[in-house]
Amino acid sequence: MTEAAPHARPFPTDAASLVDHARSLDCIHCGLCLTTCPTYQLTGSETSSPRGRIHLMRAVAEEREEPTVEFAEEMDFCLVCRHCESVCPAGVEFGAMMEFTRGKLEETGTRGPLARLVRWIGFRRILPSRAGLKLAVGGLALAQRLGLTRLAPLVAGLRGEVTAALPPVPPRRERRPLPAVTPARGASRGRALVLEGCVMPELFGRVNHAEARLLAAAGFETMSVPKHVCCGALHAHNGELEQARELARSTIERFDAVDDSCPVVLDSAGCGAHMREYGRLLANDPAWAARAEAFGRRVVDMSEVLAAPESLERLASRLRETTSLRGPITWDAPCHLCHGQQVRSQPLALLDALPGVERVALEGAESCCGSAGIYSVLRPSDSLEVLEPKLEALRRSGARTLVTANPGCHQQWQVGVRRAGLDVEVVHLAEALDRALEG
Amino acid sequence: MELAAIVGERGVRSDALARSAYESDGFMLQREAPSIVVLPRSTEEAAAAVKVLRREGLVVVPRGAGTGLTGGARPIAGGAVLGTARMKRILEINPDDRFARVEAGVVNVHLTAATCSHGLFYAPDPSSQTACTIGGNVGNNSGGPHCFKYGSTNRHVLGLTLVDSDGEITRVGGIEPDPDGIDLLGPLVGSEGMMGLVTEVTVKLEPSPERVETLLVMFESLDACCDAVSDMIAARLEPSAIEILDRLTIEAVEASVLRAGYPEHAEAVMLVEVEGGPHEVDAIATDIIELARARGAFEARRTADDEERKKLWAGRKGAFGAMGRIAPDLYVADVVVPRTRLREIVGVASRACAARGLKLSNVFHAGDGNLHPNISYDRRDADEVARVLAAGKEIMEACVAFGGSLTGEHGVGLEKQGEMCLVFGDDDLAAMSDLRAAFDPHGFWNPGKLFPVRGCREIEARPLGSEAR
Ligand SMILES: Cc1cc2nc3c(=O)[nH]c(=O)nc-3n(C[C@H](O)[C@H](O)[C@H](O)COP(=O)(O)OP(=O)(O)OC[C@H]3O[C@@H](n4cnc5c(N)ncnc54)[C@H](O)[C@@H]3O)c2cc1C
Ligand code: SF4
Ligand code: SF4
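One line per chain: the protein sequences are A and B, in this order. Under this note's numbering, the final residue of the first sequence carries the number 441; numbering is consecutive throughout. Under this note's numbering, the final residue of the second sequence carries the number 494; numbering is consecutive throughout.
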């Protein structure tokens, strides 16, 4: 939310509770959230709807139902897109509730041993470590060069097909980190700290560079945070809460060491939604609660900073017509931007500042694309089914460039567009603006 | 499994966990899970599934989105739920003859969205319209704010496709407003799923008005607001919708994601919609505001901006959900009184709740004299549940005594079964039961709803709240 709640409601602390029962009581069962839910759309099953999942969580908390494998499956089927939160008049904090439940399912070991091993490698060894990430992405790059990914469908089925459709890993020069400081152009309006992120520098390094240039053009002295790797968003969404807390604490420390008061600016919606809520994540940790809450309030999305009147004015004066963006363009709102952070109008205002570019609306632009963090890896078939109606909408829109603002969505769209054989380029909002930015 | 072969793997759910999500609709006072959930994708699949279910000796409860508020869409003691959530195709839109043919599971608001490019819309607009289905609207003969001008669902249904208890597919009505022969649509619309599964509906579409304005009128007293409604009607100022929200509701809505900009210091706000040609709209709006001021309205706002209008209405439509901020559950009563007696029935409801220590908020489709006294409660508190039921009964009795009725639009379901006896005698109920049997001789469809469980004479002696769990 743009205005953070005064104090985050903490998660329950008693070891016995598998579910955040207090939060589940907020739901009044009106059903207004049903149609927003991608898994309800897909199945028509109310068990797989937000209201249904809240009911299940509450029933488990009240010991009317058992936390069976089916229960875990229903929780895992959810994309945590939080679209349901955007329409819920009762203010149900669905994302928070789901994170807590998944965390407990993880602790109680409802999942099988192989799944747990894979998760352990991913969450403990790859995401939080630059070396681990480089190794994984390097492996993918090598496989792509050797043409091995083309064989992936044979050995790994649908998951392999998706791997084969992944865009090539960018060349090394696009993967270099940001400079420590990017000076403001013109009179400085203050500092901005940017998060480079875990996979962003490896797969979308060009986006981070574009973001820094845009912030500089809008008058901000832009600082990167050395040695920082991961904010813990993927961990939290997938129930690795302890690891997520550790990563939150180290993130706060590293950022504060560079500057402890300026805005923290993000170009990845999933990370932004998570970092704004550090206060809740650490609410039960007396040494950190207040600091985390204060840090969360400094977190903003890039589009919020750039669309503020003074920024937009400065930026607009530097935007030129460009041939490197094919019109018409369209905007697909990342769930964790529109539903997770209530940021809706700013990206549109920025796109409309692009000279000579026609923008068309995308039907269902606020519905989930199926990426949902690592969901697309864990459940490729569901993930692609969720994307299907969106691809149809893209086709109908006639757009030739699709703009998004989150690495997961970016990749999901790239895979989808490729598989569907559409002639549409997928770009990040920062790239779109940066291409029109004069030298 | 045979059913899975008909409706596909994803169309059958029989594990306890999955079924439990169907143990209630929006009516939470009592709950009961079905023994199986079946979700067909077409009329033909539904018909085939019905044959299997019937052979297996199960009874069937039709279900749309489960937003009903009277317990209509869940079983009373096992049986199957047959849901239309996967039947959501819009089959035909005919802009020239102004009708649309849709599958029963099409969400109300999606129909209007699909027709607006033709300059048409589907008029019945329940507050749950972003979720509820056209089939469910038919089941409950649902209304909505704009039904003051346009009439409820029954005024808009031209034809139906029905699957009966033998799994036969029957078409009733057509596309013309007055089909030949006896009108069977009448009894079917509002039959609460007790006469068969509706799988397709042909509805009338209305031309979008040239100009629409929404008025937000603020009052320092709820009584004055009620009186202003009577004045408006007496003066023959006919807007297309007149809604009232009281203070507690305003506060809850303003604290929610749907905050609409209602003034929190008002005791009541009236939301009025006026449509027509620009001059007509201007004249009516001016007159309404003048009249409201005479009744003490302290401020009035007019807007024709679509975004702003949408916000004002979204707040109204989320009112029920917003009450989730007050207590875990909400009982939504649905009574109708002659409009001149609105303020009296509000008084009755306030006293009935105050005497029992219950929290009451009020929303009404004031134009129709349809009041929703909303009582907040917590289903885990058995004593509170009993008090809610008692207050509800007192309010319904008063309405009948005022010459009103038990239900404006939500249907009878389980909630008002017993109270049917306030309005009907055993003979009336027997006649209705015969009519139902003509469509469903086996008691296969949604048994145990609408009609009192026992004869009316016995019911009078039944202790209140004895059925609540
Ligand atoms: C927030 C909120 C606001 C509401 N506002 C209004 C309002 O303004 N006006 C109003 O009238 N109601 C309102 N309601 C009540 C409810 O939304 C309506 O009754 C709606 O029409 C129910 O539709 P549904 O698809 O959810 O049907 P369900 O609740 O699933 O079913 C309702 C009844 O119809 C039967 N049924 C469902 N589908 C079929 C079918 N295909 N064939 C045969 N029978 C069927 C069911 O058996 C049941 O008896 C509101 C409810 C909520 C939660
Ligand atoms: S909209 Fe909110 S209160 Fe209503 S059913 Fe969904 S989660 Fe519950
Ligand atoms: S978070 Fe998304 S997928 Fe999960 S219940 Fe809510 S709307 Fe459905």
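Hints were generated in silico from the structure; no laboratory data involved. Mixed in with the good hints, there may be bad ones.
Distance ranges between label pairs, derived from CB positions [stated by the list, open to error]:
| no. | chain 1 | residue 1 | chain 2 | residue 2 | range |
| --- | --- | --- | --- | --- | --- |
| 1 | A | Pro115 | B | Asp40 | 35 to 43 Å |
| 2 | B | Arg284 | A | Arg126 | 36 to 44 Å |
| 3 | B | Arg284 | A | Arg147 | 48 to 56 Å |
| 4 | B | Glu69 | A | Ala117 | 24 to 32 Å |
Think of the CB as a built atom: it goes at the ideal place given N, C-alpha and C, for glycine as much as any other residue.
So which of those numbered hints doesn't the model satisfy?
-> Hint check: 1, 4 fail, others pass.
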